[in-house]
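Chains as they are written, first to last, in the working numbering: chain V, 1 to 446; chain U, 1 to 446; chain H, 1 to 446.
Hint data in this document are derived by calculation from the structure and do not stem from the laboratory.
Keep in mind the model is a prediction, meaning the values are calculated, not measured.
Think of the CB as a built atom: it goes at the ideal place given N, C-alpha and C, for glycine as much as any other residue.
Treat the hints loosely; a few may be bogus.
Capping the alpha-carbon separation at 25 Å, the derived lysine to any residue pairs in SDA-like fashion look like this [stated by the list, open to error]:
hint, chain 1, residue 1, chain 2, residue 2
1, H, K139, V, E434
2, V, K378, H, G64
3, V, K371, H, G311
4, V, K74, V, E168
5, U, K286, V, G273
6, U, K378, V, E168
7, V, K84, V, D69
8, V, K378, H, N169
9, H, K371, H, G311
10, V, K371, H, E416
11, H, K378, H, E360
12, H, K95, H, A185
13, V, K286, V, I312
14, H, K378, H, T431
15, H, K139, H, E168
16, U, K378, V, W70
17, V, K371, H, K378
18, V, K378, H, D274
A few chain V residues facing chain H, derived, Cβ under 10 Å [to be verified]:
hint, residue
19, G64
20, G289
21, Y292
22, S296
23, N367
Computed footprint of chain U on chain V, listed as stretches where at least three residues anywhere in the stretch have a Cβ under 8 Å from a Cβ of chain U [stated by the list, open to error]:
hint, stretch
24, 68-75
25, 158-170
26, 236-246
27, 406-418
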Amino acid sequence: MSTRTTDLSSLRSTLESSSLGHEIYSLIRELYPICRSITGEGFRETLGRIRKEIPLDVHEVPSGTRVFDWTVPKEWNIRDAYVKNSRGERIIDFKRHNLHVVNYSVPVHRKMSLAELRTHLHTLPDQPDWIPYRTSYYKESWGFCLSHNQLQTMGENEYEVCIDSALENGSLTYGECYLPGENSAEVLISCHACHPSLCNDNLSSVAMATFLAKYLGQAQLRYSYRFLFIPGTIGSITWLSQNEDHVNAIQHGLVLTCVGDRGHITYKKSRRGDAEIDCAMAHVLKHSGHRYDIESFSPYGYDERQYCSPGIDLPVGRFSRTPHGTFPEYHTSADNLEFVRPFALAQSLAMCRKIFSLLENNKTYQNQNPKCEPQLGKRGLYRAIGGLADAGAREMAMLWVLNLSDGFHSLLDIAERSELDFDAIEFGARTLREHGLLKECAQGAA
Amino acid sequence: MSTRTTDLSSLRSTLESSSLGHEIYSLIRELYPICRSITGEGFRETLGRIRKEIPLDVHEVPSGTRVFDWTVPKEWNIRDAYVKNSRGERIIDFKRHNLHVVNYSVPVHRKMSLAELRTHLHTLPDQPDWIPYRTSYYKESWGFCLSHNQLQTMGENEYEVCIDSALENGSLTYGECYLPGENSAEVLISCHACHPSLCNDNLSSVAMATFLAKYLGQAQLRYSYRFLFIPGTIGSITWLSQNEDHVNAIQHGLVLTCVGDRGHITYKKSRRGDAEIDCAMAHVLKHSGHRYDIESFSPYGYDERQYCSPGIDLPVGRFSRTPHGTFPEYHTSADNLEFVRPFALAQSLAMCRKIFSLLENNKTYQNQNPKCEPQLGKRGLYRAIGGLADAGAREMAMLWVLNLSDGFHSLLDIAERSELDFDAIEFGARTLREHGLLKECAQGAA
Amino acid sequence: MSTRTTDLSSLRSTLESSSLGHEIYSLIRELYPICRSITGEGFRETLGRIRKEIPLDVHEVPSGTRVFDWTVPKEWNIRDAYVKNSRGERIIDFKRHNLHVVNYSVPVHRKMSLAELRTHLHTLPDQPDWIPYRTSYYKESWGFCLSHNQLQTMGENEYEVCIDSALENGSLTYGECYLPGENSAEVLISCHACHPSLCNDNLSSVAMATFLAKYLGQAQLRYSYRFLFIPGTIGSITWLSQNEDHVNAIQHGLVLTCVGDRGHITYKKSRRGDAEIDCAMAHVLKHSGHRYDIESFSPYGYDERQYCSPGIDLPVGRFSRTPHGTFPEYHTSADNLEFVRPFALAQSLAMCRKIFSLLENNKTYQNQNPKCEPQLGKRGLYRAIGGLADAGAREMAMLWVLNLSDGFHSLLDIAERSELDFDAIEFGARTLREHGLLKECAQGAA
């Protein structure tokens with residue numbers, strides 16, 4: 001990693017360059033063929049690839065470890081799987097698509113009739129060309145997924161069914177990238193990395209988070225940033241269980257999912273609903289000029305379910321484009337390399353950068369000349385000729401900052417109240433600070 | 001009264017049966033001919049009939065008793081009243097309709113010209129077929145009410161005017177039905193029973209309250225329920241004056257009026273505006289699938305004026321269909337047996353049952369596994385095969401209850417926040433409680 | 001000043017008489033020709049004229065006095081100014097219009113080319129007939145203002161430029177009219193009086209404030225009233241700086257600007273946003289039957305900028321018709337005697353009277369019979385015949401006052417909650433008070 005000499009704003013042009021979207025997309029393409037699950041070699045191989053881009057601590061938590069109400073499951077690995085017809089042809093072949101096997105299937109190898117096999121087959125009658133994605137993590141079972149069209153062609157036959165998998169004591173693996181900042185208060189960025197061969201959900205976030213961490217690592221940061229690459233649900237539960245004493249350091253957080261499709265950005269608020277991350281996101285989206293949606297918190301979703309459980313209750317929202325479960329390609333073979341687009345990946349990353357830049361700069365100040373306005377003119381901050389109808393935009397921003405910097409309003413509060421963009425308010429505050437007219441309040445004072 | 005073995009929910013089918021509407025209607029028909037007033041034999045006779053259905057304490061408060069700023073008036077009784085023309089024909093006859101006499105008219109018996117009589121006659125020029133209802137409780141006076149059409153036919157004549165009434169020291173009578181529950185916190189249901197021969201206002205409520213009490217008496221109840229059958233205004237003032245030390249026990253209350261007409265349900269909020277009864281009513285009406293109105297509190301109306309006076313300030317709302325004063329038949333002879341309908345009476349009663357059922361079950365819980373979600377799957381409460389887009393409705397309800405059961409949200413709060421029906425939330429909570437995942441908070445903790 | 005024998009309401013007919021609009025207008029006409037600035041003889045002459053109408057303390061603050069972050073500037077006076085062409089003709093002549101000279105121009109007297117002169121000339125290309133108004137208070141400079149059409153006619157020439165002004169140590173002058181009331185809590189009315197030959201901004205307010213003070217001086221008042229006639233910005237800063245210990249007495253305040261044009265009334269809320277003056281203004285405007293606008297506070301504007309600076313934070317709003325800066329005539333020669341209208345001046349004054357009348361009467365009461373309603377009938381306050389659908393308007397107002405007079409609701413709160421006009425509520429309260437049913441709460445109790 002290079003020396004950190006630039007602040008977050010200076011990275012803007014790099015992060016918004018169109019080539020960045022293609023870099024993220026290339027990483028997705030590399031990771032797509034790997035068969036991941038919530039444990040096992042596929043997950044490890046994925047972390048190995050990420051580690052080429054960013055510093056990553058890889059943790060292994062043994063099967064059987066109690067994590068709150070849950071238990072780390074056995075480790076699952078798979079070498080091969082198929083269904084052969086009586087002519088020995090592989091009519092369903094795991095080597096052709098990772099989704100063909102129900103994730104966490106136990107080993108099986110025997111012959112059976114169509115009737116028996118049928119109860120282990122999953123299809124999507126409404127989307128007859130697509131292979132569904134199914135899992136059975138916590139109940140020992142096996143199965144195959146295939147397109148409904150293919151199922152229709154399967155006649156009575158003696159089928160040879162083989163799943164060459166292993167479900168044994170091992171460990172759950174996760175990756176953690178920690179970027180220390182000026183103080184120990186943290187921003188958490190979490191994405192699940194357990195889905196096999198599904199691009200938007202969630203290789204898009206895995207790849208985008210990797211590049212976000214890579215570039216944040218080059219900046220001078222106020223907050224420390226912690227990126228988690230974890231299996232869904234059991235991963236966040238495991239991390240929270242093993243870091244319970246640490247969660248108080250987390251000031252803001254985002255769960256990233258589905259950040260690569262063509263749809264507009266959707267933000268789901270934290271359980272608190274009015275956390276700083278929620279307000280920051282609403283502000284940035286409102287001023288973005290793009291379509292967007294903001295959803296209230298609900299207890300269904302991805303790992304925000306755990307971060308926002310009542311005994312944890314972190315200010316963690318979820319950043320997506322089209323939310324999981326609301327697009328037809330979700331959890332099917334159609335969530336493929338065509339479904340995610342470089343421009344969308346670049347735009348998602350740029351939006352995250354803007355959010356973090358806002359959080360970095362969202363300080364609370366005390367006006368050092370609170371009784372009447374300071375004379376801006378004698379400091380060269382106000383036009384000399386009077387009588388004009390309007391103050392300039394820069395002057396307005398400074399007047400708002402001066403008027404509301406009473407120790408009770410952050411710059412974001414001021415931006416919201418004035419209906420000016422945060423960047424304009426922040427620029428005004430910087431000017432005033434340089435002229436000794438503002439003093440930063442002690443952290444946590446506002 | 002039978003043994004209480006069923007809870008309120010089990011009574012549902014009974015209470016919503018169409019035959020119930022007819023039973024309530026039959027009671028109205030029996031009570032309709034009685035000439036009631038705020039005191040006197042008509043009121044006593046009415047309570048006597050109600051007492052055949054439910055246990056009722058009948059209280060007598062002597063004339064002259066001071067009740068806050070008021071004084072219990074003399075008792076009024078009437079035997080006969082008429083206006084005869086010079087041929088001795090009864091052209092206005094109290095025996096034909098109770099409304100023909102101004103309620104609380106002092107005795108009179110003499111002859112007079114039309115001009116003198118005219119100042120004692122009340123009609124409704126805009127509704128020329130109907131007889132108005134008029135009273136003069138607190139100023140000694142007499143008068144007759146008649147249809148405007150009839151007034152038009154009355155020529156110059158020597159009229160014999162007779163009101164054979166008595167206004168003497170006696171007492172004010174009211175009835176009280178108390179159904180003790182598991183704890184001493186109370187639900188108050190109040191209806192005025194002082195109107196003669198008016199069906200919607202307020203025999204509909206008198207009869208519906210009777211059947212509500214009858215059926216609640218068969219249920220296992222958390223709250224105690226107190227039904228008041230009282231004269232309007234002076235009755236609630238008398239009861240509050242004589243039970244001042246007791247009002248703190250009242251947790252929720254409803255004034256019932258006009259519950260039998262064809263219109264939709266209208267709820268008027270308590271003075272507090274955000275009492276639990278207000279929120280419960282809003283929730284149930286919103287999820288009812290029927291049209292409804294909710295009105296803010298105002299200090300004009302029926303006995304909620306007293307229950308919601310600033311020094312009493314009870315959480316008492318008013319439950320009506322079309323509110324009094326807003327339908328033309330109000331306080332006229334047209335508020336008759338045709339004007340109230342069995343289906344409407346049954347629906348009003350069912351809605352009250354639903355409200356009370358909600359209040360009975362609106363508890364506040366503490367999630368016993370607040371750090372991350374509990375593993376519902378291992379308890380058989382979550383589907384085994386993962387990867388589907390949606391959680392089922394039952395699972396969503398459980399997730400909401402778990403997420404918000406932090407001791408600060410009642411089940412109604414959770415229903416409102418989740419936009420799910422209270423019954424679904426309550427069912428989810430019951431399931432979780434049975435699995436040891438919820439514990440009820442001490443009462444009053446939320 | 002005459003003896004104070006009438007209360008504010010009785011002055012109503014006087015204040016709304018159409019002749020009053022003409023009286024205010026006449027004063028504007030007298031003051032229009034004077035060349036005012038933020039200091040100097042023009043300002044003193046203006047105060048001298050106002051002093052013929054109302055008692056006025058005139059204060060002189062020496063140049064160089066420190067006032068918070070500012071310094072009282074040198075005093076500016078001007079005798080003559082012109083630009084002559086080579087034929088000795090005055091082509092720009094201060095004697096024809098005060099706006100021809102940039103206010104606070106330093107002395108100059110020499111010949112120059114058009115090119116050199118041009119950098120000192122200000123015009124309005126978009127309004128080619130009008131002369132702009134420009135100032136240079138805090139940077140030593142000189143200049144002329146003229147119509148753009150006139151500028152177009154000025155060819156190459158040797159111009160004789162003369163500004164016969166003086167910028168020397170002297171003082172800043174302001175006027176203060178204090179009307180003592182029953183108690184020392186104050187209402188502040190502030191208007192800037194520093195603009196030369198501009199009618200709406202701000203002679204309209206100077207003249208209207210004069211007549212408002214004149215008539216308030218005849219009334220029996222609860223509050224004390226303080227009227228300030230000050231130079232803009234530096235005047236309010238100076239006053240606040242010299243009266244810092246006194247500002248706590250100010251309970252309500254208005255900055256008056258642009259109160260004479262044909263547009264509708266616009267109120268700009270105080271920084272607090274929910275001060276009593278803000279609520280009172282919103283109520284009165286809502287019930288006025290006229291068009292109006294209410295704006296949120298912003299830190300740009302007139303002297304409310306200083307009164308609402310964070311270290312002062314007084315409940316001072318701004319009362320205008322069309323706000324300064326939003327009409328094309330603003331700060332030009334077109335803001336002249338045609339631009340302000342007597343009817344508008346009279347209406348603005350009537351609205352201010354209504355606001356102050358509300359504030360005078362906006363007391364908080366305690367219902368002396370809070371348990372159930374008092375029996376209004378026995379006091380002659382309620383109709384004798386019952387059974388009617390509606391209470392009268394007077395009865396409704398009394399019921400609202402009784403219901404909400406719990407020591408926590410002012411009469412304005414009650415008017416807002418009941419959606420009745422303040423005057424109706426106040427009349428109801430007065431009636432109840434006269435019957436011993438209300439008692440005023442100690443000031444500051446609500």
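Query - Hint check, failures only - result: Checked against the structure, the hints that fail are numbers 7, 9, 10, 11, 12, 13, 17, 18, 19, 20, 21, 22, 25, 27, while the rest are satisfied.
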